[in-house]
Amino acid sequence: MSENKKRIWILAFRQGLAFIVISAIVALAVNQFRPGRINIVGDWSAEARFRSDDGNLMVIAFEEARKLFESQDATFIDARPEGQYHQGHIKGAMSLPWQSVNDYFFEIEEQLDSSKPIITYCDGETCELSHELALFLKDMGFNNSRVLVNGWSLWLKAGLPVASDSDADEE
Amino acid sequence: MAVEKKHVRLILFHIARFFLGGVFVYASYDKILNPDVFAQAVFNYQILPDNLVNLAAIILPWLELIIGFCLIIGWWIPGAVVIVNGLLLVFISASFFNLARGLDVHCGCFSGGILGTTSTRFAILRDTFFLAVSFFLIYMVFFIEKKSDFQSVEFQNQFTQNFNILKERK
Numbered sequence: 001m002s003e004n005k006k007r008i009w010i011l012a013f014r015q016g017l018a019f020i021v022i023s024a025i026v027a028l029a030v031n032q033f034r035p036g037r038i039n040i041v042g043d044w045s046a047e048a049r050f051r052s053d054d055g056n057l058m059v060i061a062f063e064e065a066r067k068l069f070e071s072q073d074a075t076f077i078d079a080r081p082e083g084q085y086h087q088g089h090i091k092g093a094m095s096l097p098w099q100s101v102n103d104y105f106f107e108i109e110e111q112l113d114s115s116k117p118i119i120t121y122c123d124g125e126t127c128e129l130s131h132e133l134a135l136f137l138k139d140m141g142f143n144n145s146r147v148l149v150n151g152w153s154l155w156l157k158a159g160l161p162v163a164s165d166s167d168a169d170e171e
Numbered sequence: 001m002a003v004e005k006k007h008v009r010l011i012l013f014h015i016a017r018f019f020l021g022g023v024f025v026y027a028s029y030d031k032i033l034n035p036d037v038f039a040q041a042v043f044n045y046q047i048l049p050d051n052l053v054n055l056a057a058i059i060l061p062w063l064e065l066i067i068g069f070c071l072i073i074g075w076w077i078p079g080a081v082v083i084v085n086g087l088l089l090v091f092i093s094a095s096f097f098n099l100a101r102g103l104d105v106h107c108g109c110f111s112g113g114i115l116g117t118t119s120t121r122f123a124i125l126r127d128t129f130f131l132a133v134s135f136f137l138i139y140m141v142f143f144i145e146k147k148s149d150f151q152s153v154e155f156q157n158q159f160t161q162n163f164n165i166l167k168e169r170k
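Residue numbers (the numbering used here), protein chains in the order written: chain A, 1 to 171; chain B, 1 to 170.
The set of hints was computed from the structure by calculation and includes no laboratory data. Heads up, some of the hints might be wrong.
[Unchecked claim] Straight-line Cα separation of at most 27 Å, DSSO-like style, residue types lysine-lysine; simulated pairs: (1) Lys-6(A) with Lys-5(B); (2) Lys-6(A) with Lys-67(A); (3) Lys-6(A) with Lys-31(B); (4) Lys-5(A) with Lys-6(B); (5) Lys-116(A) with Lys-91(A); (6) Lys-5(A) with Lys-31(B).
Since the structure is predicted, the reported quantities are computational estimates derived from the model, not experimental observations.
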């Protein structure tokens with residue numbers, strides 16, 4: 001009986017391999033000729049991902065963001081959940097968590113200076129919160145909305161001014 | 001009454017393979033229709049290297065569809081059962097891994113909380129249930145020893161026929 005058992009496992013292995021190969025062939029063939037096909041190797045760089053609907057790059061370089069921070073010529077908005085904002089955020093940044101944007105946007109809107117560029121940020125190379133928020137703000141008329149990719153980590157690493165709820169600062 | 005127990009086990013086996021097959025066919029549908037959305041989801045898991053994301057997003061749904069289909073119609077059951085188990089183990093491991101490192105796969109951000117969102121927890125629970133079902137399929141296909149178990153059952157069915165075909169081949 002164990003001989004039979006071995007045969008079943010070998011058969012299963014062969015069939016499994018066949019499944020994978022057949023699926024790959026069918027999948028790639030279908031993908032090639034369909035509308036809505038995607039590239040076999042996709043461009044997942046930050047430049048490709050953080051674009052606006054009309055294809056413009058929304059990323060702002062770290063150095064440029066820092067200059068705008070130092071000259072106070074931009075508004076920084078933290079797209080992360082409130083809890084994380086309270087634990088620490090870029091000094092002077094406002095909190096507008098993307099996940100509750102509908103609740104808070106109209107309060108924040110009044111405080112936004114539409115002549116200054118807005119820089120959204122969150123945490124991590126792949127974090128989409130800042131991107132979604134920037135797109136949203138653009139739709140709401142704040143055309144100069146940019147994304148500082150991996151903003152929070154980069155800010156900390158560079159040792160630039162931060163604030164948290166325990167500090168006196170809030171503006 | 002020993003015969004009845006084998007009946008029940010066999011019926012459960014068929015229910016299980018129809019059920020799991022149906023789940024996989026259903027799950028594959030959206031992913032095949034919207035490969036770009038699924039690719040974004042695969043990317044958000046941050047497990048595969050960027051260059052393999054699209055390849056996985058293209059192939060995986062078709063594997064699910066074909067496996068599900070074969071489970072339902074009873075073709076190549078041993079292979080299908082192994083693949084189903086493999087897929088579920090991979091999905092659950094991926095979810096746990098991201099849960100452990102606090103990565104929220106919906107937004108691609110580190111939420112800081114290790115317990116994850118409700119939808120993540122639900123997904124893991126659901127996949128664990130599917131895994132239990134697929135473990136049962138493995139048990140039935142690979143660990144039910146005697147051919148006579150099935151031959152004694154009145155139901156002549158696709159699985160029994162396949163089982164006999166497997167035995168006759170070499």
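Evaluated hints:
1. Lys-6(A) with Lys-5(B): holds, 26 Å
2. Lys-6(A) with Lys-67(A): violated, 68 Å
3. Lys-6(A) with Lys-31(B): Violated, because 35 Å separates the two Cα atoms, which is more than 27 Å.
4. Lys-5(A) with Lys-6(B): Cα-Cα ~19 Å, so holds.
5. Lys-116(A) with Lys-91(A): holds, 17 Å
6. Lys-5(A) with Lys-31(B): violated, 36 Å
Of the numbered hints stated above, those contradicted by the structure are hints 2, 3 and 6, listed in ascending order.
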